[in-house]
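Going by the working numbering, 8 is the number at position 8 of the sequence shown; the sequence numbering is gapless.
What the hints contain is simulated information worked out from the structure, not anything from laboratory work. Just so it is clear, CB atoms sit at the ideal spot from N, CA and C, and this is done for glycine as well. Hints may contain errors.
[Unchecked claim] Listed next, with one range per pair, are the computed distances between beta-carbon atoms: (1) Asp5 - Glu37: 46 to 56 Å; (2) Ile155 - Lys33: 16 to 26 Å; (3) Ser48 - Thr22: 44 to 54 Å; (4) Gln35 - Thr168: 13 to 23 Å; (5) Gly121 - Ile36: 21 to 31 Å; (6) Lys30 - Lys76: 40 to 50 Å; (7) Lys159 - Met13: 46 to 56 Å.
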Amino acid sequence: MNIMDTNFVIAIMATGAMIISTLSFIITMKFNKRQIEHNRNCLKPICSIGLTNYENFISVRIENNGMGPLIIKSIKCVNESTGESTDEGSLYKLLPEELQRKNFHRILIRLGMSSSISVNGKKYLLSISLEDEETRRLLRECLKDITVSVEYTDIYNSKFERVERKLTLFGLTNLKMRITDVEKFHLWS
């Protein structure tokens, strides 16, 4: 074998190696793109507005039922009967003054910009345990006219449709179901 034949074989092997490495690079890039797309689709949050309306316990909460963290951009609460609204998600400000002055146990969470909710997590806008029948009636009368809407995104800053829920459930009457301390514990966990 002469030196020309050896150089020719080396050149063919080098060209073949370049073609194979180029193809493997292209395939790797395509699979990487598909993996990124898959990760985006797997980590989507699903926002919902949950309500609890027992005889002695009332709550309004934002829930994340998806597989990725939910990042809240804005919460708007509107009282449709009076036209009042809040952009910070505070239902308490939409309550009548006689209810705002009451000293009953309440938990009110103001969610600021870029507040987040983990997978299967929830944040309460309003959570109140009440034993006074007149206060319960006034509170339900006020809440039934309110609409809560949430604008949110995911960790990739994708745009999702605004979630909105009217709190008309609180306009129902003849509630006979009471929440016990055991059930209350399960609601919070």
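Checked hints:
Evaluation of the 46 to 56 Å hint for Asp5 and Glu37 yields a pass: the beta carbon distance comes to about 49 Å. Here the CB-CB span from Ile155 to Lys33 is close to 18 Å, well matched to the stated 16 to 26 Å. Remark: the range hint 44 to 54 Å for Ser48 to Thr22 is upheld by a beta-carbon distance near 48 Å. As the Cβ distance of Gln35 to Thr168 is approximately 44 Å, the hint placing it in 13 to 23 Å is violated.
Take Gly121 and Ile36: their Cβ atoms lie about 25 Å apart, and the range 21 to 31 Å holds. Under the hint 40 to 50 Å, the C-beta atoms of Lys30 and Lys76, about 42 Å apart, fit the expected range. For Lys159 and Met13, the hinted distance range of 46 to 56 Å is satisfied, since their beta carbons lie about 51 Å from each other.
Hint compliance for this structure: hint 4 alone is broken.
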